[in-house]
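Student: Put together the whole structure using the sequences plus the hints.
Number of protein chains: 2
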Amino acid sequence: MLKNKRMKTLFYTICLCLTLSASATAQEGAIFSKGEKAVNVHHVGSVWLKELNVADSIFNYSTAVAIFDANARLDWHKHPGGQILLIIEGTGYYQEKGKPRQTVKKGDVIKCLPDVEHWHGATATSGFTYIATTPTEKGKTIWLQKVTDAEYGISK
Amino acid sequence: MLKNKRMKTLFYTICLCLTLSASATAQEGAIFSKGEKAVNVHHVGSVWLKELNVADSIFNYSTAVAIFDANARLDWHKHPGGQILLIIEGTGYYQEKGKPRQTVKKGDVIKCLPDVEHWHGATATSGFTYIATTPTEKGKTIWLQKVTDAEYGISK
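Protein sequence lines correspond, in order, to chains V and U. Residue numbers for the first sequence follow my numbering, beginning at 1 and rising by one. Residue numbers for the second sequence follow my numbering, beginning at 1 and rising by one.
Any given hint could turn out to be false.
Identical copies go unnamed one by one, so any copy, or any two together, can satisfy a pair.
The calculated DSBU-like cross-link candidates involving lysine-lysine, where the alpha carbons are at most 35 Å apart (straight line), are [claimed, not checked]:
{"id": "1", "residue 1": "37", "residue 2": "97"}
{"id": "2", "residue 1": "50", "residue 2": "140"}
{"id": "3", "residue 1": "37", "residue 2": "111"}
Hints in this document: simulated from the structure, not taken from any laboratory.
Tutor: Rendered as structure tokens:
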């Protein structure tokens with residue numbers, strides 16, 4: 001099929017463009033470098049956490065970026081000072097106690113009030129990334145029970 | 001050259017893939033929709049501002065996204081409570097009084113302490129976007145003088 005030399009050249013040039021384009025797309029996706037891979041104490045799956053600014057007497061909220069692979073989710077937990085999540089990539093879940101699980105996506109802003117029990121994580125098929133600002137004067141995170149398969153949406 | 005029907009099909013399929021890929025790349029760039037175009041009172045050029053969360057008694061800092069076209073810059077100003085900037089797209093400038101102008105880019109985190117006079121803006125050739133968290137209990141922004149051409153880097 002590609003015996004014609006000109007056609008071969010054209011074909012390989014186009015393949016190269018496709019590859020470069022895909023590569024550029026992948027590079028554009030990551031705003032912040034992955035931080036430390038979090039040890040699986042309070043979550044399931046792969047999560048990377050990077051502290052962008054530690055709370056102090058001037059900025060009384062921590063600022064961090066969290067990257068979740070598909071299927072990763074935090075355990076139920078709550079923040080004494082509340083938390084704001086800015087979803088900057090992908091699709092995930094957010095659920096508060098007593099309310100249905102919500103699907104959240106890039107561009108969404110979630111405001112979690114103090115002491116509201118909740119969990120968040122990637123979906124089973126898509127990773128996600130968010131920036132979290134968390135007022136810490138009253139403490140940062142109180143961890144609770146694991147998210148059940150039914151809550152996460154895994155049918156048996 | 002493309003008289004062969006099979007080659008024509010292959011060629012057009014590849015062109016379609018290239019187009020879709022470029023389109024996906026463009027869509028991926030914008031995390032938050034542009035807010036309101038800011039009236040040019042305290043800045044030069046085109047700036048769009050979107051409040052993601054208004055400060056209140058629980059979260060005592062405002063959270064906003066600002067999008068600057070190339071050449072746009074804020075006037076010199078200061079924040080009584082300080083400000084944190086998370087650069088999420090492009091390249092820009094940040095300068096504090098008495099210090100050299102810095103080039104800042106996607107992935108950078110800038111912590112501006114309370115009452116430090118500073119300015120920030122896009123470069124002459126690249127727009128940029130940042131998320132700003134600004135403690136507001138002591139007031140939000142005090143505007144000062146315009147950035148001079150020399151400060152911005154415009155040579156005559």
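Student: Taking the hints in turn, state whether each one holds.
Tutor: Cross-check of the supplied hints:
1. In this assembly of identical chains, residue 37 and residue 97 lie within 35 Å of each other by CA distance solely inside one copy; the values are 27 Å within and 38 Å between copies.
2. In this assembly of identical chains, residue 50 and residue 140 lie within 35 Å of each other by CA distance both inside one copy and across copies; the values are 15 Å within and 27 Å between.
3. Both within a single protomer and between protomers do residue 37 and residue 111 lie at most 35 Å apart by alpha-carbon distance, with minima of 25 Å and 25 Å respectively.
Of the hints listed earlier, there is not a single one the structure fails to meet.
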